[in-house]
Amino acid sequence: MNDEKTIPEQTRPDVVFEKVSKAFDGRPVLNDVSFTIAAGEALCIMGRSGTGKSVTLKLMIGLLEPEAGGIRIHGQNIVGLNEDGLSQLRHRMGFLFQSAALFSLFSLSDNLAMPLRRFTKKSQEEIDHAVQKQLEEVGLGNDRHKMPAELSGGMRKRAGLARALILQPSILLADEPTSGLDSVTAGEIDDLLLKLKEKGKTTMVIVTHDICGARRVGDRVAVLDGGRIIAMGKIQELQRNENALVNALVSEQGCHEH
Amino acid sequence: MTAGVNAFLEFMGNLGLFALRAARRAFLPPFEWLMIWNQIGEIGWRSLPIVLSSGFAVGLVLTLHTRSTLVRFGAESMIPTVQSLSFFNEIGPLVAALLVAGRVGAGIGAELAGMRVNEEIDAIEVLSLDSFKLLVIPRIIACVLALPILTVFMDVAGIAGGFLAERSASHISLHLYLNRAFSLVSWATFIPPTLKTAVFGFIIALVSSWFGYNAIDGSVGVGRAATNSVVVSSLLIILTDVILVKAIFFLFPETAI
Numbered sequence: 000m001n002d003e004k005t006i007p008e009q010t011r012p013d014v015v016f017e018k019v020s021k022a023f024d025g026r027p028v029l030n031d032v033s034f035t036i037a038a039g040e041a042l043c044i045m046g047r048s049g050t051g052k053s054v055t056l057k058l059m060i061g062l063l064e065p066e067a068g069g070i071r072i073h074g075q076n077i078v079g080l081n082e083d084g085l086s087q088l089r090h091r092m093g094f095l096f097q098s099a100a101l102f103s104l105f106s107l108s109d110n111l112a113m114p115l116r117r118f119t120k121k122s123q124e125e126i127d128h129a130v131q132k133q134l135e136e137v138g139l140g141n142d143r144h145k146m147p148a149e150l151s152g153g154m155r156k157r158a159g160l161a162r163a164l165i166l167q168p169s170i171l172l173a174d175e176p177t178s179g180l181d182s183v184t185a186g187e188i189d190d191l192l193l194k195l196k197e198k199g200k201t202t203m204v205i206v207t208h209d210i211c212g213a214r215r216v217g218d219r220v221a222v223l224d225g226g227r228i229i230a231m232g233k234i235q236e237l238q239r240n241e242n243a244l245v246n247a248l249v250s251e252q253g254c255h256e257h
Numbered sequence: 000m001t002a003g004v005n006a007f008l009e010f011m012g013n014l015g016l017f018a019l020r021a022a023r024r025a026f027l028p029p030f031e032w033l034m035i036w037n038q039i040g041e042i043g044w045r046s047l048p049i050v051l052s053s054g055f056a057v058g059l060v061l062t063l064h065t066r067s068t069l070v071r072f073g074a075e076s077m078i079p080t081v082q083s084l085s086f087f088n089e090i091g092p093l094v095a096a097l098l099v100a101g102r103v104g105a106g107i108g109a110e111l112a113g114m115r116v117n118e119e120i121d122a123i124e125v126l127s128l129d130s131f132k133l134l135v136i137p138r139i140i141a142c143v144l145a146l147p148i149l150t151v152f153m154d155v156a157g158i159a160g161g162f163l164a165e166r167s168a169s170h171i172s173l174h175l176y177l178n179r180a181f182s183l184v185s186w187a188t189f190i191p192p193t194l195k196t197a198v199f200g201f202i203i204a205l206v207s208s209w210f211g212y213n214a215i216d217g218s219v220g221v222g223r224a225a226t227n228s229v230v231v232s233s234l235l236i237i238l239t240d241v242i243l244v245k246a247i248f249f250l251f252p253e254t255a256i
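Heads up: the protein sequence lines correspond to chains D and X, in order.
Numbering that gives the first Met the number 0 puts the first residue of the first sequence at 0, with every later residue one more than the last.
Numbering that gives the first Met the number 0 puts the first residue of the second sequence at 0, with every later residue one more than the last.
In short, the hints are calculated from the structure, not lab data.
Do not take every clue at face value.
Derived DMTMM-like pairs (lysine to aspartate or glutamate); straight-line CA-CA distance at most 20 Å [stated by the list, open to error]: (1) Lys18(D) <-> Glu64(D); (2) Lys120(D) <-> Asp129(X); (3) Lys198(D) <-> Glu136(D); (4) Lys132(X) <-> Asp109(D); (5) Lys132(D) <-> Glu197(D); (6) Lys132(X) <-> Asp83(D).
Source: prediction; values computed, not measured.
Extracted from the complex, chain D is given alone in its bound form (with noise of 0.2 Å):
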C-alpha cells in the first residue's frame, strides 16, 4: 500500500479502502474491498438491496468502524479516530441521507443554518444569506420557514442536499438521492449533482439503484454483491461485462436523454 508521505497532493485519492470488513451480530457485510476514488471524481455504487453500500457510506464518515481494514480520507486513516478527529474530518465532508433526515423540530432554514451557525464566524446576516442562496441553489428559496413536514419528497432531497453542502464539503455522500421520487423529480436531483460536479471541486460517492441517474452524473460504478466489489469501470466497460447481475444493473433501458 501506498504510504501517504509518498504521495504528492494533487495526485492523492481523496477515498481510499484498503481490505475493509464489516460484520452485524457476525454477517458479514463488506468483505475485503478495496478502491480508490480521486479528487473530484464521482463513483456511483449500485448493487442488490443488502449488499452493503449504505454501510460503505457510513464506514467512510466514521458511522462505522470496520472490523478490519483501512480508511483513508484526504490520505488520513479514519479507523479508530477520536472524536475530535471525526468532527474535523466531517467539516470536509457531506452526507444526503436516503429519507434525507432533516430535523423535524427545526424549519427548513434553521436545518441548514444549525451547523453555520456553530461552526463559522459568520454574522446572523451572512448566516440568513448563506443559507438563502443555498437553498436558491436547489430551487426551495421560497420555502426557507417551511417545517420538513410540509415538504414533498422531492423537496425533502432537495433539502437534504442543500444541508449537506452547506460547509461547502469537499466530498460529498449522498445515499440513494433519487429512490422513491418519479423520473423528473429524479432528474432535478440528477442536475444538482451534475451541476455540482461540474464545478469540478466536490468529490461525489453515490449509492444509487438508477442507471440512469448513473450514467448521467458516474465517473465510474462500482458494483457490489456478496460482500465484495464485483466489477468496476465506466459504465460503457460494465456494460460489456460478461456478469449477469453486472449487465441487470447497468442495462439503460427506459433512459431518457436530459
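Following the hints, complete the assembly by docking chain X onto the known chain D.
Just chain X, lined up with the frame of chain D:
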C-alpha cells in the same frame, strides 16, 4: 434464568455508563441553552395540566377515604394534617414522578427512537454536532429541574382538593384548614421529599433517553422504546424511592417521627 440475569446486568451496566457519560457531558461546553429551555417548556409546562388535575383528584379522594376512618376515632380535626403530610412526604413526589414518567418518558423514548430510525441522529453526527449533548443532556437537565417544581404544584393541588372535600363535609374555613394542615409541616418535611424528585427526573430522562437513543428495528423499535421507557423508569422510581426515604429518615430524623 441465567440469560435473564445476564441481560439485566448488561442493561444496568450500559445504563450506568450512559449515566456517567451524561454526568460528564452536562458540565462541559457548549451548553445548549435553547434546547434546554425548549425541553423545560415541553416537559414542565405541558405536564402541568395533568399534574394539577391529578393532584386535585387524589387530594379529594384521599380526604374522603381518611375522613370516614378518622371520624370513628373522633380525630376529624387531624384530617388536614394527615392530608398535607401525606402529600408533602410521599404522595406528591411519587405521583408527580409516575405521571411524568408516563407522559414525558414515553415522549422522550418515542421521539429519540423516531430520530434514530429516521437517521436524524446520524445526520446530527455527520454535521459534526454532538447528538448526545444536543438531545440527551437538555432532556435530563429539564427533567431534573421540572420535577421538583411540578411536585410543589401537585402538593398545592392535593391540598386544594382535600380542602374542597372537607369543606363540603364539615364547612371548615380555609384559614382553619390551612392552620391545621401546616401545623406539623416543617422545612424538613417539605424540602427533602420535594428535592428527591430531582433524582426521579434524572431517572426518567436517563432511562427514556437510553431506550430512545439506542433504538433499533424501525417503527417496532419506536413503540418498544416508548413502552420500555415508561415501565423501567416507573419501576426504578419506586425502587429508588425506598432508598431515598430511608436516606431522608437518616439525614433528617425529625421527619421519621
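Status of each hint after checking the structure:
no.: 1; hint: Lys18(D) <-> Glu64(D); result: 13 Å, holds
no.: 2; hint: Lys120(D) <-> Asp129(X); result: 19 Å, holds
no.: 3; hint: Lys198(D) <-> Glu136(D); result: 13 Å, holds
no.: 4; hint: Lys132(X) <-> Asp109(D); result: 18 Å, holds
no.: 5; hint: Lys132(D) <-> Glu197(D); result: 18 Å, holds
no.: 6; hint: Lys132(X) <-> Asp83(D); result: 14 Å, holds
In terms of the numbered hints stated before, the structure departs from none.
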